[in-house]
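Residue numbers (this note's numbering), protein chains in the order written: chain A, 838 to 1168; chain B, 6 to 362.
No wet-lab data here; the hints were simulated from the structure.
For every residue, glycine included, the Cβ atom is placed at its ideal position computed from N, Cα and C.
Treat the hints with caution; some may be incorrect.
Stated by the list, open to error - Using 27 Å as the maximum straight-line C-alpha spacing, the simulated DSSO-like pairs for lysine-lysine come out as follows:
#1 B:LYS112 to A:LYS1103
#2 B:LYS112 to A:LYS1100
#3 B:LYS279 to B:LYS256
#4 B:LYS121 to A:LYS1066
#5 A:LYS1066 to B:LYS134
Unchecked claim - Just a sample of chain B residues kept apart from chain A, beta carbon distances all over 10 Å, derived:
#6 GLY86
#7 PRO122
#8 GLU275
Unchecked claim - Covered by chain B, according to a simulated footprint, are these stretches of chain A (three or more residues, beta-carbon under 8 Å):
#9 1081-1087
#10 1108-1120
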Amino acid sequence: MLTLIRQFTSAFSVSGWERPLAEQIRKTLAPVADEITTDPLGNLLILRKGKDSSRKLMIASHMDEIGFVVTAIDDAGFVRVSNVGGIHAVASAFQRVRFRNGTNGVVVPESGVKPADLTAKKLIVDVGASDRKAAERKGIRVGELCAVVPMLQRLSGTRYAAKAFDDRIGCVLSAYTALHADTPACDTYFCFTVQEEVGCRGALPAAFRIAPDYAIALDVTTADDCGIKQPVTRLGGGAAVKVKDSSVLCAPVVVDRMTELAKARKIPYQYEVLTAGGTDTSAMQMAGAGCAAGCISIPTRYIHSPVETVDLRDLRACADLLTACVEEGMA
Amino acid sequence: MERIYELAKQLTALPGVSGDEQRALGQVRELLGGSFDETFCTPVSSFWGIRRSKNPSAGTVLLDAHLDTVGFIVTAVCDGGFLKVAPVGRIAEKNLSAAEVWIYGEKTIPGVFAAKPPHLQESGESEKKMSLSDFAIDTGYTRETLETLVRVGTYVGFKAEAERLNDHIAVSPSFDDRLCAAAHLRALELLGDEDVGLHIAFQFSAREEQGYKGAMTTAYRVDPDMAIVMDVGHAYVPGAPERRKTAVAGKGCLLSYAPQTSRALTVWAERVAKEEGVPVQPVAEPGRTGTNSNAVQTTRGGIPVCLLSVPLKNMHTANEVVDLRDARAAADLVAALLRRAAKEQEGLFRHGTASLL
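Isolated chain A, as found in the complex (with noise of 0.2 Å):
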């Protein structure tokens, strides 16, 4: 799983090019794909047959992390940008960037912005350029994108912080549970979305087009257990098995499926009510005539920043998780 972890975290994939993220699944899951599809907006389809065809079962994590996007490039050469997700401005400030096409630079407030009053909308991009021709011969244009150089770093014992492990650590999940479950229950999609973090564009014509019975979403949600009373999950605690956040009440035949899943498998949960950020599992439940939706989430600290931090003793707990529901199906 670590090798995964690594491969994917270094990958570039910021809203709108996913692309070469695509690429390194689409090649990591090839050997058990029964059919593999690339729709128009670049979600990633997999589809793993299962016992049962008469029944869908559609996972889903996002490929896309936030990034800048270029807006315009000023006399002087500094680069102005735009926020693409949900940029904290705080964590944001004095990062290395990089942009697609490997060109480096950092992430700086205009002069004078005192830290109280930092926004997204005060961040600029220094690239070193002495003017805006020098910027231009560097590959910067209007809608380029960057986003923040990847770091993975091992914490303490079974603790690891990085950069995008919202979603990458979805992706991982996913693609481990289905380069090592046994045959699937019904037949089951593992979906790569695209544009999670612009409002859920992905996934949506994804689960129009596959009309699962079953969605499963695989997303970071906040453990924040430093110094609050009651944190929405705890690291370490075991996958999160959610219940709500700000765009899903989940279905409550999942809830209660990944419950009974996880007592049989002796695999430790934990429940989540988030009441702020949403994730593909809404999506899903309306695309179409609907579907049973529900979402396991990985409890990660410091989400959007490039110090996001997860237990790996969680993401075995959510990959088991997965992994019953795969195997044993939803009903």
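Following the hints, position chain B against chain A.
For chain B alone, kept in the frame of chain A given last:
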């Protein structure tokens, strides 16, 4: 009016906080099954039933009211038998003090929102705007017992069964939108065995308070030619802005002119109401209507929608107050529209030639 109240009383007694509608589906099926030829429950926990015309190639009209209610979801079980909760749907949080609730755990148990008596409040505290994080639900159990009954994610709803304040005024926290379902069902009763030359589908849709998901997905499945959506609207109360005076409780059901409804259908409905002597109040809603009409209108290739509303006071609180005469007007109007649609809106029901879009 008696019959509508009776139906509303039965429906308001059912559970069904957004996300937890499946808890109500069995009883909904039991209560409403007899009114339809076939009934279905969807993966998103909506209920729908269809009453078929003898003419199999007849068009389909969809009636919509939503099943779900606003409520809460448990985020923590605390010492002393208290529960912390997050809102499900938009709750008027400052009015929660001392509201009674049902907690839908391993078994259904009652609870009350804890309130601080005025005697114990510090000076200035009563003016403070309360939000949900200031409240907790008191269950009377010990934490240990409570933990065996309730978990993070357990749903909580207002105690909801309707009561009458007087002859025609009634109160219940789930009149939004159970009263409108009662009005739709009453309309079907008024039709009796009459075949109006259309298939009539009724959807009791889930997740309205969470982005219309039930209506969107069920309407997709039903695939109707036109729809009548019914929800509650804000009734004028003294002190409200002047423009709200177009919706007064007791003066009839509301009829929405909005970008998210079909103008042609709305004009027609207003004319039918006049001819049938049903009191209606036209209202203008220039933005989103905040109802299932938003979702139904944009399902599949687009569905012409007429939006009726019953004016209601104190929306999304423990005490939603309505005038039952307005619900009766809505039922009368729906029945009249159903009787007349096949003939007067014929163009809508010829497949591919919807003329009123």
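Going through the hints against the structure:
1. For the hint pairing LYS112 of chain B with LYS1103 of chain A, the CA-to-CA distance comes to about 25 Å; that is within 27 Å, so the pair holds.
2. Between LYS112 of chain B and LYS1100 of chain A, the direct Cα distance comes to roughly 20 Å. Compliance with the 27 Å bound is thereby established for this hinted pair.
3. With a CA separation close to 14 Å, the supplied pair LYS279 of chain B and LYS256 of chain B stays within the 27 Å bound.
4. Proximity of LYS121 of chain B to LYS1066 of chain A is assessed by CA-CA distance (about 23 Å); at most 27 Å being required, the pair is judged to hold.
5. At roughly 23 Å between alpha-carbon atoms, LYS1066 of chain A and LYS134 of chain B fall within 27 Å of each other, so this suggested pair holds.
6. Every CB of chain A lies more than 10 Å from the CB of GLY86 of chain B, the least distance being 16 Å, so the non-interface label holds.
7. No Cβ of chain A approaches the Cβ of PRO122 of chain B within 10 Å, the least distance being about 26 Å, so the stated non-interface status holds.
8. Even its closest Cβ contact with chain A, about 32 Å, leaves GLU275 of chain B beyond 10 Å, as expected for a residue assigned away from the interface.
9. A count of 5 residues in the segment 1081-1087 of chain A with a Cβ less than 8 Å from any Cβ of chain B is obtained; the coverage claim is therefore met, three being the minimum.
10. For the segment 1108-1120 of chain A, the stated coverage by chain B holds: 5 residues have a C-beta nearer than 8 Å to a C-beta of that chain, and at least 3 were required.
Consistency note: the structure conflicts with none of the earlier hints.
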